[in-house]
Amino acid sequence: MLEIDNLSHVYGGGGPNAHHAIEALNLSVAEGELLCIVGPSGCGKSTLLRSIAGLITPTGGQVKVEGQVVRQTPDNLAVVFQDYSRSLFPWMSVADNVALPLRRKNMDKRQRREAAHEALESVGLSGAGRKYPFQLSGGMQQRVAIARALAYRPTLMLMDEPFGSVDAQTREDLEDLVLKVRSHHQMTIVLITHDIDESVYVGDRVVILSKAPAHVVGDLKVDLPAPRDQITTREHPDFVHLRAEVGRLVRGHATV
Amino acid sequence: MRTRRMRAAAFRTLVLVVLVLAWEAAARAAGNTFFPPPSTIVVRMHAMWFSGPPSTLFLTEDAIANILPSLGRMAVSFAGGAFAGVVLGLAVGLSARVYDYLDGVLQFLRAIPPPALVTVFLVVFGFGLRMQLAFIMFSILWPVLLNTADGARSIEPLHLQTSQVFRLSRTERLLRVIVPSALPKMCAGLRLAVPLTLIVMVFSELLPGTVNGIGFQLTVAYQSFDLPAMWGGIVLLGVLGYVLNELYLIAERRLLAWHQAAH
Numbered sequence: 001m002l003e004i005d006n007l008s009h010v011y012g013g014g015g016p017n018a019h020h021a022i023e024a025l026n027l028s029v030a031e032g033e034l035l036c037i038v039g040p041s042g043c044g045k046s047t048l049l050r051s052i053a054g055l056i057t058p059t060g061g062q063v064k065v066e067g068q069v070v071r072q073t074p075d076n077l078a079v080v081f082q083d084y085s086r087s088l089f090p091w092m093s094v095a096d097n098v099a100l101p102l103r104r105k106n107m108d109k110r111q112r113r114e115a116a117h118e119a120l121e122s123v124g125l126s127g128a129g130r131k132y133p134f135q136l137s138g139g140m141q142q143r144v145a146i147a148r149a150l151a152y153r154p155t156l157m158l159m160d161e162p163f164g165s166v167d168a169q170t171r172e173d174l175e176d177l178v179l180k181v182r183s184h185h186q187m188t189i190v191l192i193t194h195d196i197d198e199s200v201y202v203g204d205r206v207v208i209l210s211k212a213p214a215h216v217v218g219d220l221k222v223d224l225p226a227p228r229d230q231i232t233t234r235e236h237p238d239f240v241h242l243r244a245e246v247g248r249l250v251r252g253h254a255t256v
Numbered sequence: 001m002r003t004r005r006m007r008a009a010a011f012r013t014l015v016l017v018v019l020v021l022a023w024e025a026a027a028r029a030a031g032n033t034f035f036p037p038p039s040t041i042v043v044r045m046h047a048m049w050f051s052g053p054p055s056t057l058f059l060t061e062d063a064i065a066n067i068l069p070s071l072g073r074m075a076v077s078f079a080g081g082a083f084a085g086v087v088l089g090l091a092v093g094l095s096a097r098v099y100d101y102l103d104g105v106l107q108f109l110r111a112i113p114p115p116a117l118v119t120v121f122l123v124v125f126g127f128g129l130r131m132q133l134a135f136i137m138f139s140i141l142w143p144v145l146l147n148t149a150d151g152a153r154s155i156e157p158l159h160l161q162t163s164q165v166f167r168l169s170r171t172e173r174l175l176r177v178i179v180p181s182a183l184p185k186m187c188a189g190l191r192l193a194v195p196l197t198l199i200v201m202v203f204s205e206l207l208p209g210t211v212n213g214i215g216f217q218l219t220v221a222y223q224s225f226d227l228p229a230m231w232g233g234i235v236l237l238g239v240l241g242y243v244l245n246e247l248y249l250i251a252e253r254r255l256l257a258w259h260q261a262a263h
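These protein sequences, in sequence, are chains Z and B. The first sequence begins at 1 in the numbering used here and counts up by one. The second sequence begins at 1 in the numbering used here and counts up by one.
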């Protein structure tokens, strides 16, 4: 599904102020996998995500999505950004925000409206279509951003610290939402987070990045019983063990 | 909240009434023919413009011959100047390089007071309607252009990245993302353009070669020492400026409802 081959990215073009964000990073993600990427803040996680999404051209190596080298945003790829308040368009109603990307999908107006409605329903916002983003709470706005990605029917969904700016309760709800939509829609999800517990709770697999320049320092399979539950999963011995393992890998490389 | 707003409105009306009464008293006490009292001005305005038959909405021939052409000039040149300003502003603002190259030149052109250029327009267009329209359009072009360019330049990067990720077409990106993003600044430019249109319209009608319009009537009234008519023209322009500005603000509030609510 996704192959990252010897990826490097340098900001500032090799001058004295050059910043090596990523160096020689290799990673492959199988179809249908829910991969969490964790790493210390400022380690180049967002650069990695932007390279996969085709928003930046990496200075070295390549990214392949479904066998195609990424030069611009691949078809059927959707992104959920951390900053929902600036990713949603404030001049459009919630339904219009969700339906906007569907224009290039050969759908007529009615089909787009239905698809938007369905996506909003699946994130628990069926009544909010006519509202404007600013009328919703932060958690609800992020749900709208997720609905927009779902309506687009991507085969690969990238999430860039999607729950970084919501409160703890909302965060748990949204984590469960991701698990739910993932089981309903067949898609591959790559979720970037700096929250160790979250990566273990949500992921099938957790990849740990070093501090910048980022490369892979750990790759753990998460074998927790399904369905996951905010209380029982988090007290499961395997969960406790895994989160310690991930934490050690993150911290070990954050302090070097 | 509501009673407070009503009280403020009542107080505002009261201030207005007191000022007009003071003006009336002062003008009567002075007894100067150059400064007729407001009651005389209003009677003159009514006789001059608003005592026509019901079939023309009580407008007199004089009003139809002068007020309507002035409004027409304003409408045509506002539409033309605003449109040109928006289109050119987007073109300049969307390219960082073009903006860098042109910014200084544009600031310079904007700084020239339009009346100073009137002779240039007379040379190019001669006296008459074409010159007036071109002159008004030129005057309001700059505030609209510069503000629109500023708006187009300061679009939220994440909005553009979102458009890129969901692969919006160029037209969709322009009409559904860039234009709405630039709209608040664009409106700031248009807000400046509304009173400027009125000012430059009157100025253009004071020039020789004019055969009608409120400004033309002002000149005629002044030359024939019809002071109440001259003051009537001035009062009419004030009222017109106020009403047009209020109408513009109503339109802007509707257009920017999302923006005002979100900020």
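No wet-lab data here; the hints were simulated from the structure. Every value quoted in this text rests on a predicted model; they were computed, and no experiment measured them. Hints may be right or wrong, so weigh each one.
[To be verified] Partial list, computed: chain Z residues near chain B (C-beta under 8 Å):
hint, residue
1, Thr73
2, Asp83
3, Ser87
4, Phe239
[Unchecked claim] Once the Cα atoms are required to be at most 25 Å apart in a straight line, the calculated DMTMM-like pairs of lysine to aspartate or glutamate come out as:
hint, chain 1, residue 1, chain 2, residue 2
5, Z, Lys105, B, Glu252
6, Z, Lys109, B, Asp100
7, Z, Lys180, Z, Glu33
[Said to hold, decoys possible] Beyond 10 Å from chain B on every Cβ pair, some chain Z residues (computed):
hint, residue
8, Glu31
9, Ala53
10, Gly54
11, Gln72
12, Asp75
13, Arg86
14, Pro101
15, Arg110
16, Gln135
17, Ser137
18, Arg148
19, Asp173
20, Ser183
21, His184
22, Thr232
23, His241
Cβ atoms here follow ideal geometry from the backbone N, Cα and C, with glycine treated the same way.
So, going through the hints one by one against the coordinates:
| no. | hint | in the structure |
| --- | --- | --- |
| 1 | Thr73 | 5 Å, holds |
| 2 | Asp83 | 6 Å, holds |
| 3 | Ser87 | 5 Å, holds |
| 4 | Phe239 | 33 Å, violated |
| 5 | Z:Lys105 <-> B:Glu252 | 34 Å, violated |
| 6 | Z:Lys109 <-> B:Asp100 | 41 Å, violated |
| 7 | Z:Lys180 <-> Z:Glu33 | 14 Å, holds |
| 8 | Glu31 | 21 Å, holds |
| 9 | Ala53 | 6 Å, violated |
| 10 | Gly54 | 8 Å, violated |
| 11 | Gln72 | 8 Å, violated |
| 12 | Asp75 | 8 Å, violated |
| 13 | Arg86 | 4 Å, violated |
| 14 | Pro101 | 4 Å, violated |
| 15 | Arg110 | 19 Å, holds |
| 16 | Gln135 | 8 Å, violated |
| 17 | Ser137 | 14 Å, holds |
| 18 | Arg148 | 8 Å, violated |
| 19 | Asp173 | 23 Å, holds |
| 20 | Ser183 | 24 Å, holds |
| 21 | His184 | 21 Å, holds |
| 22 | Thr232 | 36 Å, holds |
| 23 | His241 | 37 Å, holds |
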